[in-house]
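J.: These are the residues of each chain, in order.
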Amino acid sequence: MSRQLLLEHINTPGIRGIKAFREKGGYSALEKALKTMKPDEVTEEVKKSGLRGRGGAGFPTGMKWSFLAKPEGVPRYLVCNADESEPGTFKDRYLMSLLPHSLVEGMIVSSYALGANTAYIYIRGEMLYVYHILEEAIAEAYEAGFLGKNILGTDFSLDLYVHSGGGAYICGEETALLESLEGKRGNPRIKPPFPAVKGLWQSPTVVNNVETIAAVPHIINMSGDEYAKIGIGKSTGTKLISACGHINKPGVYEIELGVPVEEFLYSDKYCGGIRNGKKLKAVVAGGSSVPILPGEMILKTPTGEPRLMSYESLSEGGFAGGTMLGSGGFIVMDEDTSIVKNLWNFTRFYHHESCGQCSPCREGTGWMEKILHKFMDGHATLKDIDLLWDIQSKIEGKTICPLGDAAAWPVASAIRHFRSEFEDYVRNPEKIKDIKHYYRLNNLQPVS
Amino acid sequence: MPKVTIDNIEIEVPDGTTILQAARMIGGDVVPPAMCYYSKLETSGGYCRTCIVKVTQGSAKDPRPMPKPVASCRTPVMDGMVVQNRTAPDLLEARNGVVEFLLINHPLDCPICDQAGECHLQDLSYENGLAKSRYEFKRREFDKIDIGDKIKLHMTRCILCYRCVKVANQLCDGRVHGVLNRGDVSEISTYIQNAVDNDFSGNMIDVCPVGALTDKTFRFKSRVWFTKPMDANRDCKKCDGKVALWMSNNEVLRVTGRKDTYGELESWICNECRFDKKEVSDWKIEGPRKIDRHSVISQNHYESLRQLKIDVSKQKNIAEKAHQDNK
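One line per chain: the protein sequences are A and B, in this order. The numbering of the first sequence is our numbering, which starts it at 1 and goes up by one. The numbering of the second sequence is our numbering, which starts it at 449 and goes up by one.
Same shape as in the complex, but just chain A (with noise of 0.2 Å):
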């Protein structure tokens, strides 16, 4: 069985638009949580629903909201993080383009709330399209009488704000985020003080995932004990994941917590098994920057337990043995793959993302990349993988931001489960030759 419950109305002709989007329920949180409860109380609903953060880190929602300081006088604000970079995710832009109304039903009642008077979508610059359809949701909402001042008469006002990036990944990171959104380079902040206390404009602030927003109308809506039986354990409700690479049915499916890996990736409702029958070798379960786990070793847990979709079930085993759920990039690799010119993909995109204000980020990841493009042209040595697990061992947590982590944690699980891959092309480099012609296609030198 499963629940739809960010994606029930998706196949609704003209759900884009308010209309469509009120006849199937649509803003009754709104209405609900303004008329008839206290901001403490939508707090508290969603503190009992057990929501976690859907970017990346799991936090819980409803205790990050208590945690925002109330000082008088003081505006607060809340500001979505619609900057959606991970490679391999790509949920929250399907959630944005097909349902704009779900986030800024989500972002009024949210900042209702949080008592912010003003809230912003920071959307990546080169989702531009979905800005538009953002811009087009607000001012419906607007002339609904959803967003301004005196919302549905009670004294609560809201101005919504969509702001579009330059296309950074590293302002997918809350306080560079800020930053950017403050006007300036994209750089991530110094912590702490952390945005609950000094976020925007040094003013309070919380900043949540789109999903998670998305998600908050419906417990306010079904009520936090409801959606809290959805899900296992400590995962509760539905998630988003973006599954992709060589599998049948590549999408975005909303499941709910707990579903075992072996069905999402086998069933024919979600993936839909491996294209071309192939077997499958590896997968990167929540998005680039997780650590890559060997097929085996995704479908069951050290314990020889079935591994569920959930934050638990995933990370069991530690950084050894297991991963995380992340952001929900599901990432799935056939027999096929090279896994070590899919990490020299994922490092180039670190090293190019890389904000360059902390020297091991900024030098390291240009570092690993180019000891990569050595595997890639055949002159690496067995040196270079104890080299290249050096490097990012003092990458890692040696950072201002995670992005030092991201960048580090692909190529530690890579080296601990695929050592032999490595080895493998220092022994036989006769074996690589189309990355040649990738050379030729993207216009690239070999590194010297």
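Mimicking SDA-like on lysine to any residue, the simulated pairs with C-alpha atoms at most 20 Å apart in a straight line are: (1) A/K191 x B/K516; (2) B/K516 x A/G397; (3) A/K383 x B/K580; (4) A/K198 x B/T466; (5) A/K383 x B/L578.
DEER-style ranges, computed between Cβ atoms: (6) B/E490 x A/I10: 47 to 53 Å; (7) B/G711 x A/N150: 55 to 61 Å; (8) A/I10 x B/K592: 53 to 59 Å; (9) A/S97 x B/L628: 30 to 36 Å.
Simulated from the structure, these hints should not be mistaken for lab results. Beta carbons: idealized from backbone N, C-alpha and C, even for Gly.
Chain B: place on chain A using the hints.
T.: Just chain B, lined up with the frame of chain A:
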């Protein structure tokens, strides 16, 4: 007043003190190195990561250790905090890693660099670096540019500590100086070659921990250890006029601010004192400046070479033999 223990030494410090400041109050070996933190510049610090320390006890209330090493320059102390710096081998290993990262793209052109002898990166790599680099790729390069008519920026040597950016933001008016691009190609620059035209812009040179920003009136004139530093002052309308003169014979080669033990200026000096007053008659000389005996500036190299009793002819023979073998 919170009490903090750093490397088994307990100290009581005022509220809001950072770990680094507390360590500096203790002094000596306990002090972590800092390449980007500058106590006189607001919001500086946190970027270079050389000052990382291990917090084994967060506070008396919450004794859990911090999961990651923290930047001591930006982390305030809590009552009952226990910090390890030189007593934690894994932390020193991590710091060596940071130093290695700082050095992989540094040109190591110390023989032709004006900063050599008073360079923080030299000191740091001497203490924490490897004898040989593991980096085997081409190092990044930038063109040299002028920041105003008195300052040369040699971006290739820069370690992106952001100190000069903070000087430009906090001491100079009109923000034209900052960081362009991102990642390992980020560079300090002025927007479209705008000159930083301000009375205090010269302080950028003094805050630079490496030889990226150099004084054009001093470039290539002398090695710093051949000059004699003197404390001097003059009546200046813009600054307090307290400077260090770097002299050779009776010639003033260079004027800088006075730096303390941690390489930080005691006060900002203006460009007029720094660049234009190059006559001995401009200054009232107070006396020779005290230089730490560990500094290369205080060494008389010719004597110490003799003390080392290096047999030059023997070295020569070895070199020649190696040369013959190679043929």
